[in-house]
Amino acid sequence: MKKRDVLRTKFVSELIFLGGVILLWQMLYVIGVDVLSIWKPYAMPSPTGVVKSLCLLLADASLVKAVGYSVLRGVSGYMISVVLGCFLGFLMNHFDYLHRNLRPLVMGVQTLPSVCWVPFSILWFGLTQQAIIFVVVMGSAFSMAIAADNAIHNVPKIYKKAALTMGANSRQIYREVILPASLPELVSGLKQGWSFAWRALMSGEVMTTCIGLGQTLIEGRNLADINQVMLVMIVIVLIGILIDQIVFRKLERYIYQKRGL
Amino acid sequence: MSLVLKNVSKVFEDSKEDVLNEINLEIEKGEFVCVVGRSGCGKSTLLNLIAGLEKPTEGEILLNSCPVTGPGSDRIVMFQEHALFPWLNVIQNVEFGMKIAGIPQKEREERALSNLRMVGLEEYKDYAIHQLSGGMRQRVALARALTLDSEILLMDEPFSALDKQTSNRLREELQEIWVKTKRTVLFITHSVEEAVYLADRVVVMSPAGITDIVSVELERPRYVYDERFVEYRHKILEKVEEKVYR
Chain X
1 MKKRDVLRTK FVSELIFLGG VILLWQMLYV IGVDVLSIWK PYAMPSPTGV
51 VKSLCLLLAD ASLVKAVGYS VLRGVSGYMI SVVLGCFLGF LMNHFDYLHR
101 NLRPLVMGVQ TLPSVCWVPF SILWFGLTQQ AIIFVVVMGS AFSMAIAADN
151 AIHNVPKIYK KAALTMGANS RQIYREVILP ASLPELVSGL KQGWSFAWRA
201 LMSGEVMTTC IGLGQTLIEG RNLADINQVM LVMIVIVLIG ILIDQIVFRK
251 LERYIYQKRG L
Chain H
1 MSLVLKNVSK VFEDSKEDVL NEINLEIEKG EFVCVVGRSG CGKSTLLNLI
51 AGLEKPTEGE ILLNSCPVTG PGSDRIVMFQ EHALFPWLNV IQNVEFGMKI
101 AGIPQKEREE RALSNLRMVG LEEYKDYAIH QLSGGMRQRV ALARALTLDS
151 EILLMDEPFS ALDKQTSNRL REELQEIWVK TKRTVLFITH SVEEAVYLAD
201 RVVVMSPAGI TDIVSVELER PRYVYDERFV EYRHKILEKV EEKVYR
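Chains as they are written, first to last, in our numbering: chain X, 1 to 261; chain H, 1 to 246.
The set of hints was computed from the structure by calculation and includes no laboratory data. It cannot be assumed that every hint is accurate.
Straight-line C-alpha distance at most 25 Å; calculated DMTMM-like pairs for lysine to aspartate or glutamate [stated by the list, open to error]: (1) X:K161 - H:E13; (2) X:K160 - H:E109; (3) X:K161 - H:E81; (4) X:K161 - H:E58; (5) H:K125 - X:E176; (6) X:K161 - H:E151; (7) X:K160 - H:D14; (8) X:K157 - H:D14; (9) X:K160 - H:E81; (10) X:K161 - H:D149; (11) H:K99 - X:E176; (12) X:K160 - H:D74; (13) X:K160 - H:E151; (14) X:K161 - H:D14; (15) X:K258 - H:E81; (16) H:K55 - H:D74; (17) X:K160 - H:D149; (18) X:K161 - H:D74; (19) H:K55 - X:D96; (20) X:K258 - H:E122; (21) H:K55 - H:D14; (22) X:K157 - H:E81.
Anything over 12 Å on all C-beta distances counts as not near chain H; from chain X, calculated [unchecked claim]: (23) Q26; (24) Y69; (25) F95; (26) G108; (27) L123.
If we take Cβ atoms under 8 Å as the criterion, some of the chain X residues that face chain H in the derived model are [claimed, not checked]: (28) T165; (29) Q172; (30) K258.
On a predicted model such as this, the values are computed, not experimentally measured, just so you know. Cβ atoms here follow ideal geometry from the backbone N, Cα and C, with glycine treated the same way.
Required output: the full structure, derived from the provided sequences and hints.
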């Protein structure tokens, strides 16, 4: 009961703070645009303008559609990259040769900003869904491979030894020891992979022509509607936070609680 | 003859010196053997070789006349750190080896429970590992080691990371359990007192190899303040230290 109260006051104070920020923003707009005319109205978004934009985009269902397509694309690209990344990470860990030679390469490629994959991807797939998904996969799979490699590597050796002396073969060791033991670290890797995937998705969508949040953003630019641009940016942030909180925070809490971490 | 070591030597690649030099040792079925020696004399390496976690450079190790080639459940190890799996609860940890061996769920549970009862932790079966004290964790590790009915139990200073009081309690319990089950045990320790308390024979090791083997002919249960116990303790302690100062 007490913990709940603490959480509630925290939430309320957060809400008040956000309200203050929005109020300040609106005041800045009124003073800067309407009173002093420092900024042109099309160059400065305002809270009221964003809300108006929101109503417009909700009315013709285009925002919902854009969110749906983007999330779907993001999730499918992310799934592919989880599978590929974990597999690559496993290979890099299992084979010493790959650990020594492939890992530095993967780490190098991982530093490449995901937007750099866009031209390559368009040449391969054209302006299609696949092109965007390819960018998502390239943008997150390598970081996940490194994370998986590290997670497996950091499993205390004594667990493996204990399982060996209890008669486990190498398949059983992977399934019964390495997988559960590396899970906490693996999940933080997956979480980081998601944030990479979400960013890569936006670079992909902005550069191509499929329906999605990226295109809604570009449409706002083309119409010189800064409120729409701002609105889409806010939506992108909110979805990122939402998925982080709902999926990953819960998963982490479940895994950590069980182990008393 | 249960376990036989014939001229076993071990050299690590990165050092020129032998860690173990021509070790010969025989351990009978149902015997409790302790290995004492100061740190760095190779007693843990000896245990790792028998466990199959490392391979001898020369010589051979036979268990019931079969050469040891790798780790296996016939030579279960109990480590200094408990090595329990934090993602499993107490009873799941005890069941782990049986699960690996493909023993059906029902039998697994029964055997795990009876072993937990033996170490006095039956009520804690559903606890998470992080909720247990150090002594309780080692008890669970002991229960886990006992469930597999291995030919020989290898114990690598299992109580040395615990406080004195707890480690004394645990060795009492181990003695009781041993008297009941008569398992073959090889127990590594740096405490001579612990060795005299537990062992049928105490193997004294130094960097040169096995320097002496002392049979402890005392009735069980043993008492630390017993006159003959103290005699044995002094005798072995001298043998351990003799090599240190030479």
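Results for each hint:
no., hint, verdict
1, X:K161 - H:E13, "holds (21 Å)"
2, X:K160 - H:E109, "holds (23 Å)"
3, X:K161 - H:E81, "holds (12 Å)"
4, X:K161 - H:E58, "holds (23 Å)"
5, H:K125 - X:E176, "holds (20 Å)"
6, X:K161 - H:E151, "holds (18 Å)"
7, X:K160 - H:D14, "holds (23 Å)"
8, X:K157 - H:D14, "holds (20 Å)"
9, X:K160 - H:E81, "holds (13 Å)"
10, X:K161 - H:D149, "holds (18 Å)"
11, H:K99 - X:E176, "holds (10 Å)"
12, X:K160 - H:D74, "holds (17 Å)"
13, X:K160 - H:E151, "holds (21 Å)"
14, X:K161 - H:D14, "holds (22 Å)"
15, X:K258 - H:E81, "holds (20 Å)"
16, H:K55 - H:D74, "holds (17 Å)"
17, X:K160 - H:D149, "holds (20 Å)"
18, X:K161 - H:D74, "holds (14 Å)"
19, H:K55 - X:D96, "holds (20 Å)"
20, X:K258 - H:E122, "holds (20 Å)"
21, H:K55 - H:D14, "holds (15 Å)"
22, X:K157 - H:E81, "holds (12 Å)"
23, Q26, "holds (50 Å)"
24, Y69, "holds (38 Å)"
25, F95, "holds (20 Å)"
26, G108, "holds (31 Å)"
27, L123, "holds (46 Å)"
28, T165, "holds (4 Å)"
29, Q172, "holds (6 Å)"
30, K258, "holds (6 Å)"
Consistency with the previously given hints is maintained throughout, with no hint failing.
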